[in-house]
Amino acid sequence: MHEQVYQSLMTPGPIPNAISEPFWSAARRNELALQRCEQCSQWFFYPRAHCPHCWSERISWHKASGQGVIKTFSVIHRPSHPAWLPAAPYVLALIELAEGPTMLSQLTGDRVVGAKIGQSVSLRCVPVGDFILPFFEPI
Amino acid sequence: MKARCFGAIVGIGELKPVRRTQGATTLGFIGEAVRMAVADAGLDKDSIDGLLVGPQVGETPQHVPATVAEYLGIRPSMANVVDLGGASGAGMVWRATAAIAMGMCDAVVCVLANVREADPPRSPNRNPIREFDVPFGASGANVSYALSMRRHMAEFGSTPEQFARIAVLARRNAQLNPNAIFYGQPATIEDVLGSAIIASPLHMLEIVMPVAGGAALVVVSSERARSLKHPPVHLLGAGEKITHRAISQAPSLTSGPLKAAIQKALAHAGVKVTDMSLLSLYDCYTIMVGLTLEDAGLCEAGRFGHWMNDHSFDHEGDFPLNTHGGQLGCGQADLAGGMTHIVEAVLQLRHEAGQRQIPNAQMALVTGNGATISEATALVLGADA
Ligand SMILES: [Zn+2]
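For the record, the sequence lines run as chains A and B.
Position 31 (the first sequence) corresponds to 31 in this note's numbering; numbering is contiguous.
Start counting at 1 in the second sequence, then tack on 1000, and there's your number in this note's numbering.
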C-alpha cells in the first residue's frame, strides 16, 4: 500500500455522532477504543447508547488491546465505490478482536500479501484522505 | 355480543417529548422506547421475536429492520417497515397480530422514534454501515459474500470449481428460459474461473448481472383461489429470520438465517426438504446457493460441493434447482430478482412451465435473502390438492 495514494483518496469518511466520537478520536491517537457494558461486563462493537446484550445504558469506553485475528478476508480488485479505485487492489478483513467483538477493517503493512485466516494482527491507524482509520497489520 | 379478540397490546414505552435533542441518535431513541415498552410488558429482550419499524428517510435508506435489530441485539423471526406516514403506528398493530396469528412470531415490538438536532449532519446517510464499513472501502454487496466464501473455503476445503459449478448449472437451466438474460449463452467451469476476480475469491460470473425488470403477484384466500382462473398455488408454510445488518456482526460466516427460516417453513407445512419438487433458491452469488443447500439440511455443513456431484439439477433431475436459470442465469432486476424464484415456483406448480416443466410438481421451497446474508425468508408453496 502506498501512503501517498491513501492520503490523496477522496473516499467517503466516517460521520461520527456524539455516541461514536470516542472511537474516532482514539483512532487519531493510534488507539482502538471499545465500549463495555457495566451491567453484563460484555464488550461490543459498533458504538451504541445501549448494550446489545442486555439493553443497559451503563456503558463505558476503554482502550482496547488493538490485537486480533483475521476471521476472513477478500482482495478487492474492483471496488464498488469509484473513489477507492486508486487504492485497488486492497485487502478487507473481518478482525476478531481480542476483547471479543468482530469489526471490518483493511489490512496494511508489508505482510498483507500472504495474509491468512487465523493470523494475528495488530492495530495500525492509517490516514485515508482527511481521516485516520483503524487498520490492522498482520504480524 | 362480545367482540372477537385478535391480539393484545401488553406493553408501552414513551419518551418525554423535547423541542431539540443534542447528541442523540435515532437508533438510541428507538432503543430507549423499545426497552421501556418491553419492561412495561414484563418481558425480556430475548422474548421479542417480531419487529415493526418505520422508514428512516435518508438516514438508513435500506434494510431498516435489520439495522434496528442489530442495534438492539435481537434476531427476530418477523420484521418489516410500515411506511404509512401518520398511519404507520396503527398500521403496525394489526400487522403484528396478523403475523402472530400465522405463527410467524409470538411477541412483536412496534416502534417509531425520531431525534431533532438543532444542527443536523449534512450527509443524510448516517447509519452504522455508512460509519463503520463504507469508510474502510467496503461499499456494495460483493465484499460480504466474498468474505463468507473465503471462510467457507478455509473451514471446509470447498473449491473454486465447486462454486463455479453452481453458476454453470444456472446458465444451463437458463437455456430453457427464453426470458433469461443469458438465454443462448451457456457457460463452462473454465469460463467462470477465467472471468475477472472482483473481490477474491469471487469471480465476475459468480455474481448476478444487474438488469431492469419487475414482477408482481396477487394473493387471495385459498378458498377464493379455487373459484379463479388458474389452479391455485397455496402457501403451506413460511419462516423468516433476521440476524444482523453488517457482515462483521454475522453470528456465523458459513451458515445464515435461512437455516432457521427454512426449518420453520418446513415445520409449518409439516413436510421435509426432500419432499420438494423444486428448490427455488435465492442465488445472488454462487456462495449463497452453497450455503442454502447446507442450511436447508440437504447435506452436512461444508459438503455442498460433494453433494452436488451426486445429484442433477435440471427439470428432469432428482433435485430440480432454479429451473428458470435463477438470478445467475436470468439477471437480477434489483429487488424484483427475488420475485423470479416465486414466479417460477408458481409456473411449475400450475404445470405451466412448458419445455422445462418438472413432471408432477407438487411442492416448492422458495427462499429470499437480503443484505449480508442477514435477512431471510423461506416459503413452502404447494399445488392444489
Ligand atoms: Zn450489557
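No lab work stands behind these hints, which were simulated from the structure alone.
Note that the Cβ used here is the ideal one computed from N, Cα and C, for glycine as well.
Warning: the hint list may mix true and false statements.
Label pairs and their calculated CB-CB ranges [what the hints assert, rightly or not]:
id	chain 1	residue 1	chain 2	residue 2	range
1	B	V1018	A	K63	27 to 35 Å
2	A	P22	B	P1017	35 to 43 Å
3	B	H1306	A	H2	41 to 49 Å
Stretches of chain B that chain A covers, calculated by requiring three or more beta carbons in the stretch to come under 8 Å of a beta carbon on chain A [as the list claims (entries may be wrong)]:
id	region
4	1022 to 1028
5	1127 to 1137
6	1258 to 1272
7	1307 to 1313
Against the structure, the hints come out as follows:
| no. | hint | in the structure |
| --- | --- | --- |
| 1 | V1018/B / K63/A: 27 to 35 Å | 33 Å, holds |
| 2 | P22/A / P1017/B: 35 to 43 Å | 28 Å, violated |
| 3 | H1306/B / H2/A: 41 to 49 Å | 43 Å, holds |
| 4 | 1022 to 1028 | holds (count 6) |
| 5 | 1127 to 1137 | holds (count 9) |
| 6 | 1258 to 1272 | violated (count 0) |
| 7 | 1307 to 1313 | violated (count 0) |
The structure is inconsistent with the numbered hints 2, 6 and 7, although it conforms to all the rest.
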